[in-house]
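Protein sequence lines, in the order shown, are assigned to chains A and B. Heads up: the first sequence begins at 426 in the working numbering, then just goes up one per residue. Heads up: the second sequence begins at 2 in the working numbering, then just goes up one per residue.
Just so you know, the hints here were simulated from the structure itself, not pulled from any lab data. Any given hint could turn out to be false.
[Unchecked claim] Across the chosen pairs, the derived CB separations fall in these ranges:
1. G57/B <-> E446/A: 23 to 33 Å
2. S511/A <-> G57/B: 56 to 66 Å
3. A1010/A <-> A73/B: 48 to 58 Å
4. L5/B <-> V900/A: 39 to 49 Å
5. H6/B <-> S546/A: 12 to 22 Å
6. S1011/A <-> D122/B: 51 to 61 Å
[To be verified] Cross-link-like lysine to any residue pairs, in silico, SDA-like; alpha carbons within 20 Å at most:
7. K1051/A <-> K4/B
8. K4/B <-> M547/A
9. K1051/A <-> Y130/B
10. K1051/A <-> E125/B
11. K1051/A <-> S165/B
12. K4/B <-> S546/A
13. K830/A <-> D776/A
14. K1051/A <-> E126/B
[Unchecked claim] Computed footprint of chain B on chain A, listed as stretches where at least three residues anywhere in the stretch have a Cβ under 8 Å from a Cβ of chain B:
15. 450 to 459
16. 908 to 921
17. 929 to 935
18. 1068 to 1075
19. 1102 to 1108
Even glycine gets a Cβ: it sits at the ideal position worked out from N, Cα and C.
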Amino acid sequence: MTEQPPTFRWVGQRPVRPDGEDKVTGRAAFAADFTLPGLLQGAVLRSPHAHARIVRVDTSRALDVPGVKAVITAADFPDIPDELASNNGGPPDFQDLSDNIMARHKVLYEGHPVAAVAATSMEAARRGLAAIEVEYEVLPHVINVLDAMAEDAPVLHEDMRTKGIRPAPEQPSNIASRHEQLLGDPDSAMADADVVLQREFTTAPVHQGYIELHACTVRTNADGHADIWCSSQGQFMVRAYTARLLDMPLSKIRVFPLEIGGGFGGKTTIYLEPLALLLSRKSGRPVKMQMDRQEVFRASGPTSGSYITMKIAARRDGTITAVDGTLCYQAGAYAGSPVKLGCMTAFAPYDIPHSRLVGYDLVSNRPKAAAYRAPGAPMASFAAESLIDLLARELDMDPIELRLKNAATIGTQTAYGPKFREIGYVETLKAARNHPHLKEPLGPNQGRGIASGFWFNIGGQSSARVSINEDGTAVVTTANPDIGGSRASMAIMAAEVLGIDVAHVQPLIADTDSSAYSDLTGGSRVTFAIGMAVSEAAQHVVDILRERAALLWDVDVERVEWHDGRAESVVNGEQSRLSLKELAASSAKTGGPISHQATINAKGAGPGFATHICDVEVDPDTGYTKVLRYTAIQDVGRAIHPSYVEGQMQGGAAQGIGWALNEAYVYDDEGHLQNPGFLDYRMPVASDLPMLDTVIIEVPNPKHPFGVRGVGEVPIVPPLAAVANAIARATGKRFTDLPISPERIVGLK
Amino acid sequence: MSKLHVTSRINGEPTEFLCEAQEVLLHTLRDTLGLTGTKEGCATGDCGACTVLLDGRPVCSCLVLAAETQDADVETIESMASAEGLHPLQQQFLEQAALQCGICTPGFLVAAKALLDENPDPTEEQARYYLAGNLCRCTGYDKIIRAVLDAARQIREQNREVESA
Chain A
426 MTEQPPTFRW
436 VGQRPVRPDG
446 EDKVTGRAAF
456 AADFTLPGLL
466 QGAVLRSPHA
476 HARIVRVDTS
486 RALDVPGVKA
496 VITAADFPDI
506 PDELASNNGG
516 PPDFQDLSDN
526 IMARHKVLYE
536 GHPVAAVAAT
546 SMEAARRGLA
556 AIEVEYEVLP
566 HVINVLDAMA
576 EDAPVLHEDM
586 RTKGIRPAPE
596 QPSNIASRHE
606 QLLGDPDSAM
616 ADADVVLQRE
626 FTTAPVHQGY
636 IELHACTVRT
646 NADGHADIWC
656 SSQGQFMVRA
666 YTARLLDMPL
676 SKIRVFPLEI
686 GGGFGGKTTI
696 YLEPLALLLS
706 RKSGRPVKMQ
716 MDRQEVFRAS
726 GPTSGSYITM
736 KIAARRDGTI
746 TAVDGTLCYQ
756 AGAYAGSPVK
766 LGCMTAFAPY
776 DIPHSRLVGY
786 DLVSNRPKAA
796 AYRAPGAPMA
806 SFAAESLIDL
816 LARELDMDPI
826 ELRLKNAATI
836 GTQTAYGPKF
846 REIGYVETLK
856 AARNHPHLKE
866 PLGPNQGRGI
876 ASGFWFNIGG
886 QSSARVSINE
896 DGTAVVTTAN
906 PDIGGSRASM
916 AIMAAEVLGI
926 DVAHVQPLIA
936 DTDSSAYSDL
946 TGGSRVTFAI
956 GMAVSEAAQH
966 VVDILRERAA
976 LLWDVDVERV
986 EWHDGRAESV
996 VNGEQSRLSL
1006 KELAASSAKT
1016 GGPISHQATI
1026 NAKGAGPGFA
1036 THICDVEVDP
1046 DTGYTKVLRY
1056 TAIQDVGRAI
1066 HPSYVEGQMQ
1076 GGAAQGIGWA
1086 LNEAYVYDDE
1096 GHLQNPGFLD
1106 YRMPVASDLP
1116 MLDTVIIEVP
1126 NPKHPFGVRG
1136 VGEVPIVPPL
1146 AAVANAIARA
1156 TGKRFTDLPI
1166 SPERIVGLK
Chain B
2 MSKLHVTSRI
12 NGEPTEFLCE
22 AQEVLLHTLR
32 DTLGLTGTKE
42 GCATGDCGAC
52 TVLLDGRPVC
62 SCLVLAAETQ
72 DADVETIESM
82 ASAEGLHPLQ
92 QQFLEQAALQ
102 CGICTPGFLV
112 AAKALLDENP
122 DPTEEQARYY
132 LAGNLCRCTG
142 YDKIIRAVLD
152 AARQIREQNR
162 EVESA
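With the hints as extra help, turn the sequences into a complete structure.
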């Protein structure tokens, strides 16, 4: 007997998002849209050098510039003691973070901040910056990942000794750490294999490319309190990081989350808030700061570039027996690339008994890398899925059948630790095999690529409050910025549990003083973890409502059931009902307002898998690769609002296509970024892409009340290899370096 | 140097404002007139987030001097909905989930309105090329293009109903 899928009233529907009207009319307030009376404009003086010692900073003349009200340098920042450097043992390193937002002794990349001013106008601020004298002793620099590993490479941090090597090296280097992930006996398995393939891969650093510039407004009061209005992926993160960097108690800082204009991981850290706070404190005025686009490219975010060598071994029948590889990731100027996550995710979709992946975290004179959607996974997966495609060619097997033969399923031992429980990877492959996309004919210079991808999805500390209004409508308060429609999914889940119309649920995103703590928005955790908290809070509210009805009816609460937004019971032999509206109206008689806050540390995140199909046509004369068709198939557990699930799948695919074909940080010999703008850092535009077809697979996560896994990270993982595999079949040439830009294809002729 | 005194029509209203000679329209709209629906994404004319209509033509307001709008008509996102309700483009963007974070949405809507004013029945390819100056990093454009094409259809049907009435 097959289990009937649960039926829902709201889960799986596509209501208009509650914040939608504000966003199509221009009313929604993003970071830069906030203002206060008496506002000063802040601006940052940035290093023109890739690597230099700061000999002297003289700000005295800046304060003489008319309109300039305050100047700060690293001397205004407290030193962070070693015992407060880590975040409960995890990232970020607060000493590095402090140094990154305001250089202390050395500048480590072009664009590294050295001073900041606040003035009555942007023009005055710029004149103030021009009046600051900085004397640099320029040092040799290193940009590329392999150069940074060389023995004679310029060393960025004199105290950097590679972690993860015993005994610890005596000499400093740019290798921050070494990580090894071992399962079984890969050497013996390689020796026994019928086929062994090996390739080298490189990927360029790419920027998250959010359209909204980093911006914040800070007001400090004479009593030491500070209010911060900004966009970020977590108001509690902004509060905690700012407090730590400025040695302030959390209770003195209140962060108001404004709408966030894209983050993709890049807004899981801070750059401007402590600067603006210090400038406000010094000037006694509120201060607004906003990066321009060049600053965003030069000094925020990108994700790591990588150099990867990878080897795969298989039996003649297509059984993959072993993998062995080395992954070198650029962390930028400070340690902390996601190379460990690269090792963990690379071959996670497969049941491979023997594997060894070694990761190196490398610093070089580039901006410090920040998280970007499925951090670390796309580059590693590009190598893994390119090799699997090569293996399919070598063995003359269909690439989907080869993946099916080796696919991870329930019980598979992962190389990174746990055994998988219920997962839906096989389902994505079967959906790919049956998809009409595969029947579309291909012409000359056209090719089809297949690739898969994995992301853990995460839980974490989460809070949500559900309150019933006097008229029976509800407010759902959460503390996680809505980066792509999460208000809609929170409202849907609350409406489903309460049994009321989703239009009667108003979601609200609270500031740090108005809600219990919640981890930031990221890692595909919000619909899973915050959704869990919302469901729990709503369920508790239902229990309160049942108690209130029991009180009014004078029956045992166990005899009161909740259906379709109503309490139901047999009272004095008669079937009786009380609607939520009636119970809300009588709340004064039954115990007062009805509300519950759920605070949880969500466990049981369900891994997500995707398989993508990409068709390209390569113009051999111009080198232009046109994506003809694209299909993204993903197990999401449960789609709460399918339109926004599809949107995540499409957006991730588009970003991955950009990563594969065009996007890259380009440096000159001086270590200056050559393309810090959208004209030369070319992200996909509407005319570059076809419609992006999606197939939602629902293998429910048993740990979530509605089966949610999480959506946002996985879709950026497969496209790099899906595009490269398609180009390989269109051109007969395997590209192992990204981006596969037109000039590299034209070089074929 | 003293500021320039400019008189233009902004969202249909005769409007006077003072601006610096070098000031761009984007900053006047946002900082002087409080019309923050027009967004800054690059300030170099590459992202389209600041698109407004200048005498009916879509322009990047970061590339137009405020002083150039003397006697001109400027339409921003704030004038797109009316007392009767949302413009069909706005309605379709909502119904088709054509926005995620929403920062590029005002620019897309204004540019799409210019497209439909020019060409009430664009093909998918025409829409994609017309809107190629507007960057969206969240959606992959699929739902935006569908919303624009469906809004075009809806407007054509409305116009036919008006004509036949």
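Results of checking the hints against the structure:
The hinted window of 23 to 33 Å between G57/B and E446/A holds, with their beta carbons roughly 25 Å apart. Separated by about 58 Å at the C-beta atoms, S511/A and G57/B satisfy the suggested range of 56 to 66 Å. Checked against the hint of 48 to 58 Å, the C-beta distance between A1010/A and A73/B comes to roughly 55 Å, which is consistent with it. Checked against the hint of 39 to 49 Å, the C-beta distance between L5/B and V900/A comes to roughly 48 Å, which is consistent with it.
Checking the proposed 12 to 22 Å range against H6/B and S546/A shows it holds: the Cβ atoms sit about 19 Å from each other. At roughly 57 Å, the beta-carbon separation of S1011/A and D122/B lies within the given 51 to 61 Å, and the hint holds. For the suggested pair K1051/A and K4/B, the alpha carbons sit about 50 Å apart, so the restraint of at most 20 Å is broken. Among the hinted pairs, K4/B with M547/A is consistent with the structure: their alpha-carbon atoms are about 16 Å apart, no more than 20 Å.
Between K1051/A and Y130/B, the direct Cα distance comes to roughly 14 Å. Compliance with the 20 Å bound is thereby established for this hinted pair. Of the supplied pair hints, the one linking K1051/A and E125/B holds, its CA atoms being roughly 16 Å apart against a limit of 20 Å. About 43 Å separates the Cα atoms of K1051/A and S165/B, which puts this hinted pair outside 20 Å; it is violated. Between the alpha carbons of K4/B and S546/A the distance comes to roughly 14 Å, so the proposed pair stays at or under 20 Å and holds.
With a CA separation close to 9 Å, the supplied pair K830/A and D776/A stays within the 20 Å bound. Proposed proximity of K1051/A and E126/B is supported: the alpha carbons are some 13 Å apart, at most 20 Å. By the rule of at least three residues with a Cβ nearer than 8 Å to a Cβ of chain B, the coverage given for the segment 450 to 459 of chain A holds, with 8 such residues. Evaluation of the coverage hint for the segment 908 to 921 of chain A: fulfilled, as 3 residues show C-beta separations to chain B shorter than 8 Å, against a requirement of three.
Residues of the segment 929 to 935 of chain A lying with their CB closer than 8 Å to a CB of chain B number 0, which falls below the three-residue condition for coverage. Closer than 8 Å: that is the beta-carbon criterion, and the segment 1068 to 1075 of chain A has 6 residues meeting it against chain B, so the requirement of 3 holds. A stretch counts as covered by a chain when three or more of its residues have a beta carbon under 8 Å from one of that chain; for the segment 1102 to 1108 of chain A and chain B the count is 4, and the coverage holds.
In this structure, the earlier hints numbered 7, 11, 17 are contradicted, and the remaining ones agree with it.
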